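K.L.:
Listed below are the residues making up each chain.
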Amino acid sequence: MLFEIGRVCLKIAGRDAGKKCIVIDNPGTNTVLIDGETRRRKCNVKHLEPLDKVVSISKNAPPAQVLKAGEELGFKGLVEQKNKKEEKPTAPKKQKAKKQAPAKGAKQQAKPAVSPKKAKEEKAEEEDESAE
Amino acid sequence: MVAGRHKSRTLKRVHKRMPGGSTKLTFQKRKPKSAKCSKCGIELKGIPRLNTAKAKNTAKSKKTVARAYGGVLCANCLRMKLKAQARA
Numbered sequence: 001m002l003f004e005i006g007r008v009c010l011k012i013a014g015r016d017a018g019k020k021c022i023v024i025d026n027p028g029t030n031t032v033l034i035d036g037e038t039r040r041r042k043c044n045v046k047h048l049e050p051l052d053k054v055v056s057i058s059k060n061a062p063p064a065q066v067l068k069a070g071e072e073l074g075f076k077g078l079v080e081q082k083n084k085k086e087e088k089p090t091a092p093k094k095q096k097a098k099k100q101a102p103a104k105g106a107k108q109q110a111k112p113a114v115s116p117k118k119a120k121e122e123k124a125e126e127e128d129e130s131a132e
Numbered sequence: 001m002v003a004g005r006h007k008s009r010t011l012k013r014v015h016k017r018m019p020g021g022s023t024k025l026t027f028q029k030r031k032p033k034s035a036k037c038s039k040c041g042i043e044l045k046g047i048p049r050l051n052t053a054k055a056k057n058t059a060k061s062k063k064t065v066a067r068a069y070g071g072v073l074c075a076n077c078l079r080m081k082l083k084a085q086a087r088a
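Chains as they are written, first to last, in the numbering used here: chain A, 1 to 132; chain B, 1 to 88.
No lab work stands behind these hints: they were computed from the structure. Model, not experiment: these values are computed from the prediction. Please note: incorrect hints may appear among the correct ones.
Here are the computed lysine-lysine pairs in the DSS-like style, where the Cα-Cα straight-line distance is at most 25 Å [said to hold, decoys possible]: (1) A:Lys-46 <-> B:Lys-54; (2) B:Lys-16 <-> B:Lys-31; (3) B:Lys-31 <-> B:Lys-81; (4) B:Lys-54 <-> A:Lys-19; (5) B:Lys-16 <-> B:Lys-39; (6) A:Lys-19 <-> B:Lys-63; (7) B:Lys-36 <-> B:Lys-7; (8) B:Lys-81 <-> A:Lys-46; (9) B:Lys-56 <-> B:Lys-33; (10) A:Lys-19 <-> B:Lys-45.
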């Protein structure tokens with residue numbers, strides 16, 4: 001098995017070409033999970049060039065372990081990858097007053113008995129009568 | 001008669017149709033050639049052909065590729081180079 005867990009590789013293609021990485025998991029035939037100087041990600045085996053070294057590391061090792069192993073090997077520019085969920089502070093959500101939908105029975109009652117237009121007409125008639 | 005300064009072949013001759021219906025000859029600047037791989041010579045992708053004046057006003061990320069040896073080597077040549085480095 002060439003791309004076994006712990007194999008040190010060089011990434012050949014992509015934005016992070018030329019960076020070293022360690023294989024953490026090999027689920028599929030063509031893809032492999034890597035971590036190291038590159039971001040923690042799935043990678044095609046064709047985009048990796050395996051090197052001689054094999055590191056003893058557990059499957060799906062956390063980033064801290066990979067950091068240690070990488071420092072021993074001489075990886076440059078390693079960044080501690082913190083858990084993204086812990087870092088982001090969530091802003092307090094604004095609670096809007098929910099408008100409760102009235103029940104069917106209540107709808108009929110809510111409608112005014114006399115529409116506003118009719119009320120205005122009635123008022124106008126009354127005024128005319130009083131004026132006369 | 002064509003003005004003396006327009007006779008240079010560094011200028012491109014373009015026939016333009018005017019709103020009145022007539023055709024006029026105009027002289028325009030030529031664009032620079034596209035970037036080529038320094039090793040194999042094929043055209044590099046992702047790099048626009050810009051004059052220095054226009055290039056000055058565009059962002060750096062729009063003038064290169066985000067990869068090692070971005071505007072210099074093509075992707076295949078880069079792979080061969082890295083493989084040779086790893087196997088040495």
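K.L.:
Can you give the numbers of the hints that this structure goes against, from lowest to highest?
P.N.:
The structure conflicts with hints 1, 3, 4, 5 and 7, although it agrees with all the remaining ones.
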